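Read top to bottom, the protein sequences are chains A and E.
One point on numbering: in UniProt numbering, the residue at position 33 of the first sequence is 33, and numbering is uninterrupted.
One point on numbering: in UniProt numbering, the residue at position 104 of the second sequence is 104, and numbering is uninterrupted.
Derived by calculation from the structure, the hints in this document are not laboratory data.
Quantities reported herein were computed from a predicted structural model and do not represent experimental measurements.
For glycine and all other residues, C-beta sits at the position ideal for the given N, C-alpha and C.
Hints may contain errors.
[Said to hold, decoys possible] Pair by pair, the computed Cβ-Cβ distance ranges are:
(1) A/Q93 / E/D31: 12 to 22 Å
(2) A/Q93 / E/L77: 40 to 50 Å
(3) E/T28 / A/R73: 37 to 47 Å
(4) E/Q93 / A/R94: 54 to 64 Å
There are 2 protein chains.
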Amino acid sequence: MNPDRTPAGDAFAAFAISVLRLAGHLQTAGDALAKPAGQTSARWQVLAAADHAPMSVADAGRALGMTRQGVQRVADLLEKDGLILYAENPAHQRAKLMVLTEAGKVTLDAIKARQAVWANALGELFDKKQLREATETVITALQAVEKQSVPDD
Amino acid sequence: MNPDRTPAGDAFAAFAISVLRLAGHLQTAGDALAKPAGQTSARWQVLAAADHAPMSVADAGRALGMTRQGVQRVADLLEKDGLILYAENPAHQRAKLMVLTEAGKVTLDAIKARQAVWANALGELFDKKQLREATETVITALQAVEKQSVPDD
DNA sequence: TGCAGAATGACAACATGTTGTCAATATGAA
DNA sequence: TTCATATTGACAACATGTTGTCATTCTGCA
Numbered sequence: 001m002n003p004d005r006t007p008a009g010d011a012f013a014a015f016a017i018s019v020l021r022l023a024g025h026l027q028t029a030g031d032a033l034a035k036p037a038g039q040t041s042a043r044w045q046v047l048a049a050a051d052h053a054p055m056s057v058a059d060a061g062r063a064l065g066m067t068r069q070g071v072q073r074v075a076d077l078l079e080k081d082g083l084i085l086y087a088e089n090p091a092h093q094r095a096k097l098m099v100l101t102e103a104g105k106v107t108l109d110a111i112k113a114r115q116a117v118w119a120n121a122l123g124e125l126f127d128k129k130q131l132r133e134a135t136e137t138v139i140t141a142l143q144a145v146e147k148q149s150v151p152d153d
Numbered sequence: 001m002n003p004d005r006t007p008a009g010d011a012f013a014a015f016a017i018s019v020l021r022l023a024g025h026l027q028t029a030g031d032a033l034a035k036p037a038g039q040t041s042a043r044w045q046v047l048a049a050a051d052h053a054p055m056s057v058a059d060a061g062r063a064l065g066m067t068r069q070g071v072q073r074v075a076d077l078l079e080k081d082g083l084i085l086y087a088e089n090p091a092h093q094r095a096k097l098m099v100l101t102e103a104g105k106v107t108l109d110a111i112k113a114r115q116a117v118w119a120n121a122l123g124e125l126f127d128k129k130q131l132r133e134a135t136e137t138v139i140t141a142l143q144a145v146e147k148q149s150v151p152d153d
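From just these sequences and the hints, can you work out the full model?
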């Protein structure tokens, strides 16, 4: 079946599959959390990045682990909806800064409030130590997968 | 900042974010593993489902947690490339069965071999118990997130 | 046996994100 | 200061997946 996978390989593969499945459900939950505010996970992420600090589209792309073109498309939609605006950047003529408008702040706060209720309820289901250890394992895997180049293409 | 999130909520949110980030990297790694065979993660998943047992597009959608339309698009591409074929289904005139062709089997085996090397190497980096416990936590979260409806829309 | 309702594939519109390319703008080293 | 190089936004093509709709085919029950 899997001719050359070791027990350790099997264990990692099972872990990876469960992580991918959970991520799908988390994505769905994120969309549901953002929906009453008329937003989506993607828009929420960009709003949150711009709220954290005014930044260019390229900055947000790096912060979110996405290409700047992908962020650009969402940011243009957010601007059209009046949730962000592109402010002049004294340090760079081309790279305008995304800034939340009042409407953007209200929208983001509404999503954050719903997310808090959701996360609090789910957090109660776990032992604190269990959740912390799992998070550490996930982060370790994150770094390992980043580092591990796939067997030579 | 997050006015009403409890420590447990913070812990779950941190866990969720790390899972989403790892899933992104795993997706990228999956694409890299499939690429030398001229495939992608999506095509690999459909090939693997059809290899497990001949099944209809709708069946594969359920197995993969995707809509049947999404699977259909990929399956049509796989058929066009000669990796699967739609076999008559004695039990259902409309719902043909996806079956791997010889070329499909060769392609899938090539991907599986590369995935084994990759998973084995990553699995070695972890304590077996650590990986097993993290997988259990992820699966528990999976079930909880499925069950937990988002605060009333 | 019929027939209402479910399941399925086909098709279209759309959301999300990537890759590739181009021109405009910054940046840093000679 | 100048010029090669990197960064950035704009634009297009494409991959992936969802939602919605329709007609066809199955299924189960009265």
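Against the structure, the hints come out as follows:
no.: 1; hint: A/Q93 / E/D31: 12 to 22 Å; verdict: 36 Å, violated
no.: 2; hint: A/Q93 / E/L77: 40 to 50 Å; verdict: 44 Å, holds
no.: 3; hint: E/T28 / A/R73: 37 to 47 Å; verdict: 20 Å, violated
no.: 4; hint: E/Q93 / A/R94: 54 to 64 Å; verdict: 59 Å, holds
When each numbered hint is compared with the structure, violations occur for hints 1, 3.
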